[in-house]
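Residues 4 to 332 in this note's numbering are what the sequence shown spells out, letter by letter.
Since the hints were derived computationally from the structure, they do not count as laboratory data.
C-beta atoms are modelled at their ideal positions from N, C-alpha and C, and glycine is treated no differently.
Treat the hints with care, since some could be wrong.
[What the hints assert, rightly or not] Listed next, with one range per pair, are the computed distances between beta-carbon atoms:
| hint | residue 1 | residue 2 | range |
| --- | --- | --- | --- |
| 1 | Y13 | D216 | 42 to 50 Å |
| 2 | D216 | G163 | 28 to 36 Å |
| 3 | D212 | L95 | 30 to 38 Å |
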Amino acid sequence: MSYHAADDRYASMFYRQAGYSGVQLPAVSLGLWHNFGDSQPLEVQRAVLRRAFDRGVTHFDLANNYGPPYGSAESNFGYAFAKDFRPYRDELFVASKAGYDMWPGPYGDGGSRKYLLASLDQSLRRMGLEYVDVFYSHRFDPATPLEETMGALDTAVRSGRALYAGISNHTAEQHRKAVAILQELGTPVLLNQARYSILDRTPEGGLLDAVADTRTGLIAYSPLAQGLLSGRYLSGEAPAGSRMSVGHFLKKTALTGAKLERLRALGELAERRGQTLAQLAISWVLRDPRVASVIIGASGVIQLDQNLDALHGESLSEEELAEIDSLSH
4 MSYHAADDRY ASMFYRQAGY SGVQLPAVSL GLWHNFGDSQ PLEVQRAVLR
54 RAFDRGVTHF DLANNYGPPY GSAESNFGYA FAKDFRPYRD ELFVASKAGY
104 DMWPGPYGDG GSRKYLLASL DQSLRRMGLE YVDVFYSHRF DPATPLEETM
154 GALDTAVRSG RALYAGISNH TAEQHRKAVA ILQELGTPVL LNQARYSILD
204 RTPEGGLLDA VADTRTGLIA YSPLAQGLLS GRYLSGEAPA GSRMSVGHFL
254 KKTALTGAKL ERLRALGELA ERRGQTLAQL AISWVLRDPR VASVIIGASG
304 VIQLDQNLDA LHGESLSEEE LAEIDSLSH
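Taking the hints into account, I'd like the entire structure generated from these sequences.
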(Lines of atoms letter the chains of each structure in order from A; the text may use other names.)
(Lines give C-alpha, C1' and ligand atoms only; values in the text may rest on other atoms or scores of the structure.)
Protein backbone atom coordinates (compact mmCIF):
# COMPACT_ATOMS: atom_id res chain seq x y z
CA MET A 4 0.00 0.00 0.00
CA SER A 5 1.52 3.32 -1.03
CA TYR A 6 2.19 5.98 1.59
CA HIS A 7 0.37 9.30 1.55
CA ALA A 8 1.59 11.81 4.12
CA ALA A 9 -0.95 13.20 6.57
CA ASP A 10 -2.62 16.36 5.31
CA ASP A 11 -2.24 17.99 8.73
CA ARG A 12 1.45 17.10 9.16
CA TYR A 13 2.46 20.69 9.88
CA ALA A 14 -0.39 21.51 12.24
CA SER A 15 1.22 20.66 15.59
CA MET A 16 4.99 20.86 15.10
CA PHE A 17 6.96 23.92 16.16
CA TYR A 18 9.79 25.12 13.93
CA ARG A 19 12.89 27.08 14.85
CA GLN A 20 15.23 29.14 12.72
CA ALA A 21 18.65 27.54 12.21
CA GLY A 22 21.12 30.30 12.96
CA TYR A 23 21.26 33.20 10.52
CA SER A 24 19.57 31.40 7.66
CA GLY A 25 16.22 30.78 6.07
CA VAL A 26 16.13 27.19 7.32
CA GLN A 27 13.35 26.29 9.75
CA LEU A 28 13.93 23.02 11.59
CA PRO A 29 11.40 21.04 13.62
CA ALA A 30 11.98 21.54 17.33
CA VAL A 31 12.40 17.75 17.52
CA SER A 32 14.29 15.88 14.81
CA LEU A 33 14.69 12.14 14.27
CA GLY A 34 18.15 10.61 14.54
CA LEU A 35 18.90 7.29 12.85
CA TRP A 36 21.93 6.33 14.94
CA HIS A 37 20.84 3.24 16.89
CA ASN A 38 17.54 1.98 15.56
CA PHE A 39 17.93 1.96 11.78
CA GLY A 40 20.64 -0.62 11.21
CA ASP A 41 20.11 -4.11 9.87
CA SER A 42 19.08 -5.50 13.27
CA GLN A 43 15.79 -3.60 13.11
CA PRO A 44 13.05 -4.81 10.71
CA LEU A 45 12.65 -2.52 7.72
CA GLU A 46 8.90 -2.27 8.18
CA VAL A 47 9.39 -1.01 11.75
CA GLN A 48 11.84 1.58 10.47
CA ARG A 49 9.45 2.68 7.75
CA ALA A 50 6.62 2.97 10.29
CA VAL A 51 8.71 5.23 12.52
CA LEU A 52 9.82 7.42 9.62
CA ARG A 53 6.28 7.71 8.30
CA ARG A 54 4.86 8.61 11.70
CA ALA A 55 7.60 11.17 12.27
CA PHE A 56 6.87 12.90 8.97
CA ASP A 57 3.12 12.73 9.62
CA ARG A 58 3.78 14.70 12.82
CA GLY A 59 5.85 17.37 11.11
CA VAL A 60 9.35 15.98 11.64
CA THR A 61 11.10 17.03 8.45
CA HIS A 62 14.70 16.68 9.64
CA PHE A 63 16.32 13.23 9.55
CA ASP A 64 19.84 12.99 10.94
CA LEU A 65 22.26 10.33 9.66
CA ALA A 66 25.98 9.67 9.35
CA ASN A 67 28.10 7.43 7.16
CA ASN A 68 28.80 4.86 9.90
CA TYR A 69 25.38 4.68 11.55
CA GLY A 70 24.10 1.13 11.78
CA PRO A 71 25.22 -1.46 12.61
CA PRO A 72 26.84 -2.37 10.32
CA TYR A 73 28.41 0.83 9.04
CA GLY A 74 26.38 2.36 6.24
CA SER A 75 23.25 0.35 6.91
CA ALA A 76 21.23 3.22 8.38
CA GLU A 77 21.78 5.23 5.22
CA SER A 78 20.98 2.22 3.02
CA ASN A 79 17.80 1.52 4.98
CA PHE A 80 16.81 5.18 4.86
CA GLY A 81 17.41 5.01 1.11
CA TYR A 82 15.02 2.08 0.89
CA ALA A 83 12.34 3.99 2.81
CA PHE A 84 12.98 7.10 0.74
CA ALA A 85 12.45 5.19 -2.50
CA LYS A 86 9.31 3.49 -1.19
CA ASP A 87 7.67 6.34 0.70
CA PHE A 88 9.33 9.73 0.59
CA ARG A 89 10.55 10.48 -2.93
CA PRO A 90 7.46 12.60 -3.71
CA TYR A 91 8.22 14.63 -0.57
CA ARG A 92 11.95 15.23 -1.12
CA ASP A 93 11.58 18.99 -1.15
CA GLU A 94 9.86 18.85 2.26
CA LEU A 95 12.71 16.89 3.85
CA PHE A 96 15.91 18.16 5.46
CA VAL A 97 18.37 15.25 5.36
CA ALA A 98 21.73 15.38 7.15
CA SER A 99 24.78 13.18 6.92
CA LYS A 100 28.26 13.33 8.43
CA ALA A 101 31.76 11.93 8.09
CA GLY A 102 34.71 12.06 10.44
CA TYR A 103 34.84 8.84 12.42
CA ASP A 104 35.95 5.34 11.41
CA MET A 105 34.25 4.10 8.24
CA TRP A 106 36.55 1.88 6.14
CA PRO A 107 40.08 0.44 6.55
CA GLY A 108 43.24 2.35 5.83
CA PRO A 109 44.40 5.92 6.28
CA TYR A 110 41.64 7.46 4.13
CA GLY A 111 38.64 5.99 5.96
CA ASP A 112 38.71 8.16 9.09
CA GLY A 113 39.47 11.72 10.15
CA GLY A 114 39.00 15.08 8.51
CA SER A 115 40.95 14.91 5.27
CA ARG A 116 39.48 16.24 2.06
CA LYS A 117 39.90 12.81 0.49
CA TYR A 118 37.92 11.05 3.21
CA LEU A 119 35.11 13.58 3.60
CA LEU A 120 34.28 13.94 -0.09
CA ALA A 121 34.61 10.23 -0.84
CA SER A 122 32.35 9.47 2.12
CA LEU A 123 29.77 12.01 0.98
CA ASP A 124 29.63 10.41 -2.46
CA GLN A 125 29.12 6.99 -0.86
CA SER A 126 26.38 8.37 1.42
CA LEU A 127 24.50 9.84 -1.51
CA ARG A 128 24.61 6.50 -3.34
CA ARG A 129 23.37 4.60 -0.29
CA MET A 130 20.47 6.97 0.25
CA GLY A 131 19.61 7.40 -3.42
CA LEU A 132 19.82 11.19 -3.11
CA GLU A 133 21.27 13.80 -5.43
CA TYR A 134 22.25 15.97 -2.46
CA VAL A 135 21.99 16.18 1.32
CA ASP A 136 20.61 19.28 2.93
CA VAL A 137 23.49 19.59 5.37
CA PHE A 138 26.82 17.76 5.45
CA TYR A 139 28.80 17.78 8.69
CA SER A 140 32.41 17.31 9.63
CA HIS A 141 31.56 14.81 12.38
CA ARG A 142 34.51 15.68 14.60
CA PHE A 143 37.54 17.90 14.93
CA ASP A 144 40.59 16.03 13.65
CA PRO A 145 43.84 17.27 15.24
CA ALA A 146 45.84 15.44 12.54
CA THR A 147 44.29 17.46 9.70
CA PRO A 148 44.51 21.24 9.22
CA LEU A 149 41.12 22.75 9.96
CA GLU A 150 41.47 24.72 6.73
CA GLU A 151 41.53 21.44 4.78
CA THR A 152 38.48 20.03 6.54
CA MET A 153 36.48 23.22 6.10
CA GLY A 154 37.65 23.46 2.49
CA ALA A 155 36.13 20.03 1.86
CA LEU A 156 32.80 21.25 3.25
CA ASP A 157 33.01 24.30 1.00
CA THR A 158 33.58 22.01 -1.99
CA ALA A 159 30.65 19.81 -0.97
CA VAL A 160 28.33 22.83 -1.03
CA ARG A 161 29.76 24.45 -4.18
CA SER A 162 29.53 21.14 -6.06
CA GLY A 163 25.84 20.78 -5.20
CA ARG A 164 26.28 17.61 -3.14
CA ALA A 165 25.16 19.51 -0.02
CA LEU A 166 23.10 22.66 0.45
CA TYR A 167 24.65 23.67 3.77
CA ALA A 168 27.80 22.96 5.80
CA GLY A 169 27.83 21.88 9.43
CA ILE A 170 30.26 20.84 12.14
CA SER A 171 29.80 18.40 14.99
CA ASN A 172 31.62 17.72 18.25
CA HIS A 173 33.70 20.90 17.99
CA THR A 174 34.56 22.97 21.07
CA ALA A 175 33.74 26.66 21.32
CA GLU A 176 37.23 27.63 20.14
CA GLN A 177 37.16 25.13 17.28
CA HIS A 178 33.69 26.35 16.36
CA ARG A 179 34.82 29.96 16.09
CA LYS A 180 37.82 29.03 13.94
CA ALA A 181 35.73 26.82 11.66
CA VAL A 182 33.13 29.55 11.21
CA ALA A 183 35.81 32.11 10.37
CA ILE A 184 37.42 29.85 7.76
CA LEU A 185 34.15 29.04 6.03
CA GLN A 186 33.01 32.66 6.13
CA GLU A 187 36.18 33.61 4.27
CA LEU A 188 35.46 30.90 1.71
CA GLY A 189 31.90 32.17 1.32
CA THR A 190 30.13 29.09 2.69
CA PRO A 191 28.85 29.84 6.19
CA VAL A 192 28.45 27.23 8.90
CA LEU A 193 24.77 26.53 9.42
CA LEU A 194 24.86 24.27 12.49
CA ASN A 195 27.05 22.77 15.17
CA GLN A 196 25.84 19.45 16.55
CA ALA A 197 26.77 18.68 20.16
CA ARG A 198 25.80 16.38 23.00
CA TYR A 199 23.58 18.24 25.46
CA SER A 200 21.31 17.03 28.24
CA ILE A 201 20.39 17.63 31.86
CA LEU A 202 23.22 15.26 32.75
CA ASP A 203 25.76 16.65 30.26
CA ARG A 204 25.83 20.43 30.20
CA THR A 205 29.17 20.83 28.43
CA PRO A 206 27.83 23.28 25.78
CA GLU A 207 27.11 25.77 28.58
CA GLY A 208 30.89 26.13 29.03
CA GLY A 209 31.19 28.43 26.01
CA LEU A 210 29.75 26.62 22.99
CA LEU A 211 26.25 28.07 23.31
CA ASP A 212 27.76 31.55 23.51
CA ALA A 213 29.95 30.82 20.47
CA VAL A 214 26.90 29.67 18.53
CA ALA A 215 25.04 32.87 19.41
CA ASP A 216 28.03 35.12 18.65
CA THR A 217 28.56 33.55 15.22
CA ARG A 218 24.85 33.47 14.37
CA THR A 219 24.82 29.72 13.85
CA GLY A 220 22.50 27.12 15.39
CA LEU A 221 23.06 24.31 17.86
CA ILE A 222 21.65 20.86 17.20
CA ALA A 223 21.49 18.94 20.48
CA TYR A 224 21.93 15.17 20.39
CA SER A 225 21.61 12.59 23.20
CA PRO A 226 19.07 14.71 25.13
CA LEU A 227 18.17 11.55 27.07
CA ALA A 228 21.83 10.90 27.99
CA GLN A 229 22.03 7.63 26.06
CA GLY A 230 18.76 6.55 27.67
CA LEU A 231 19.47 7.35 31.32
CA LEU A 232 16.76 10.03 31.11
CA SER A 233 14.32 7.79 29.29
CA GLY A 234 12.69 6.66 32.53
CA ARG A 235 13.48 2.99 31.83
CA TYR A 236 16.00 2.67 34.65
CA LEU A 237 14.25 4.29 37.60
CA SER A 238 13.84 0.86 39.21
CA GLY A 239 17.60 0.50 39.31
CA GLU A 240 17.52 -2.41 36.85
CA ALA A 241 18.21 -2.68 33.13
CA PRO A 242 15.08 -4.04 31.39
CA ALA A 243 15.59 -6.80 28.85
CA GLY A 244 16.26 -5.36 25.42
CA SER A 245 17.20 -1.93 26.76
CA ARG A 246 20.34 -0.15 25.63
CA MET A 247 21.93 -0.75 29.03
CA SER A 248 21.18 -4.49 28.91
CA VAL A 249 23.09 -4.66 25.61
CA GLY A 250 25.89 -2.65 27.17
CA HIS A 251 27.45 -1.32 23.98
CA PHE A 252 27.20 2.43 24.56
CA LEU A 253 25.41 2.57 27.92
CA LYS A 254 27.03 0.53 30.70
CA LYS A 255 25.42 -0.67 33.90
CA THR A 256 28.16 1.17 35.78
CA ALA A 257 26.46 4.41 34.70
CA LEU A 258 23.60 3.65 37.09
CA THR A 259 25.39 4.53 40.32
CA GLY A 260 23.53 5.03 43.58
CA ALA A 261 23.86 8.82 43.56
CA LYS A 262 22.89 9.11 39.90
CA LEU A 263 19.90 6.82 40.40
CA GLU A 264 18.63 9.07 43.19
CA ARG A 265 18.98 12.11 40.94
CA LEU A 266 17.11 10.33 38.16
CA ARG A 267 14.30 9.39 40.53
CA ALA A 268 14.01 12.97 41.76
CA LEU A 269 13.86 14.21 38.17
CA GLY A 270 11.22 11.55 37.50
CA GLU A 271 9.14 12.87 40.39
CA LEU A 272 9.39 16.41 39.00
CA ALA A 273 8.29 15.17 35.58
CA GLU A 274 5.33 13.35 37.14
CA ARG A 275 4.24 16.54 38.92
CA ARG A 276 4.29 18.27 35.54
CA GLY A 277 2.25 15.51 33.92
CA GLN A 278 5.21 14.41 31.81
CA THR A 279 7.44 11.40 31.47
CA LEU A 280 11.09 11.83 32.43
CA ALA A 281 12.01 11.71 28.73
CA GLN A 282 9.54 14.49 27.94
CA LEU A 283 10.95 16.61 30.76
CA ALA A 284 14.49 16.06 29.46
CA ILE A 285 13.51 17.16 25.94
CA SER A 286 11.59 20.18 27.23
CA TRP A 287 14.63 21.22 29.26
CA VAL A 288 17.02 21.21 26.28
CA LEU A 289 14.52 23.17 24.19
CA ARG A 290 14.21 25.87 26.84
CA ASP A 291 17.26 27.58 25.30
CA PRO A 292 16.48 29.51 22.09
CA ARG A 293 20.03 28.94 20.86
CA VAL A 294 19.09 25.29 20.34
CA ALA A 295 17.66 25.00 16.83
CA SER A 296 16.49 21.41 17.29
CA VAL A 297 16.93 18.40 19.52
CA ILE A 298 17.61 14.97 18.00
CA ILE A 299 15.80 11.98 19.44
CA GLY A 300 15.95 8.31 18.54
CA ALA A 301 12.98 5.96 18.47
CA SER A 302 12.72 2.19 18.27
CA GLY A 303 8.99 2.27 17.64
CA VAL A 304 6.02 4.50 16.91
CA ILE A 305 4.78 4.57 20.51
CA GLN A 306 8.12 5.79 21.83
CA LEU A 307 8.30 8.37 19.05
CA ASP A 308 4.83 9.73 19.86
CA GLN A 309 5.58 9.93 23.57
CA ASN A 310 8.75 11.93 22.99
CA LEU A 311 7.15 14.27 20.44
CA ASP A 312 4.42 15.00 22.97
CA ALA A 313 7.07 16.86 25.00
CA LEU A 314 6.40 19.80 22.68
CA HIS A 315 2.94 20.28 24.08
CA GLY A 316 3.80 20.50 27.77
CA GLU A 317 3.83 23.69 29.83
CA SER A 318 7.00 25.76 29.76
CA LEU A 319 9.36 25.09 32.65
CA SER A 320 8.99 27.60 35.47
CA GLU A 321 11.93 29.34 37.14
CA GLU A 322 11.36 27.18 40.21
CA GLU A 323 11.41 23.99 38.15
CA LEU A 324 14.56 25.09 36.32
CA ALA A 325 16.25 25.80 39.65
CA GLU A 326 15.23 22.36 40.92
CA ILE A 327 16.66 20.72 37.80
CA ASP A 328 19.88 22.70 38.24
CA SER A 329 20.21 21.41 41.78
CA LEU A 330 19.81 17.83 40.55
CA SER A 331 22.05 17.99 37.49
CA HIS A 332 25.38 18.89 39.06
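Results for each hint:
no.: 1; hint: Y13 <-> D216: 42 to 50 Å; verdict: 32 Å, violated
no.: 2; hint: D216 <-> G163: 28 to 36 Å; verdict: 30 Å, holds
no.: 3; hint: D212 <-> L95: 30 to 38 Å; verdict: 31 Å, holds
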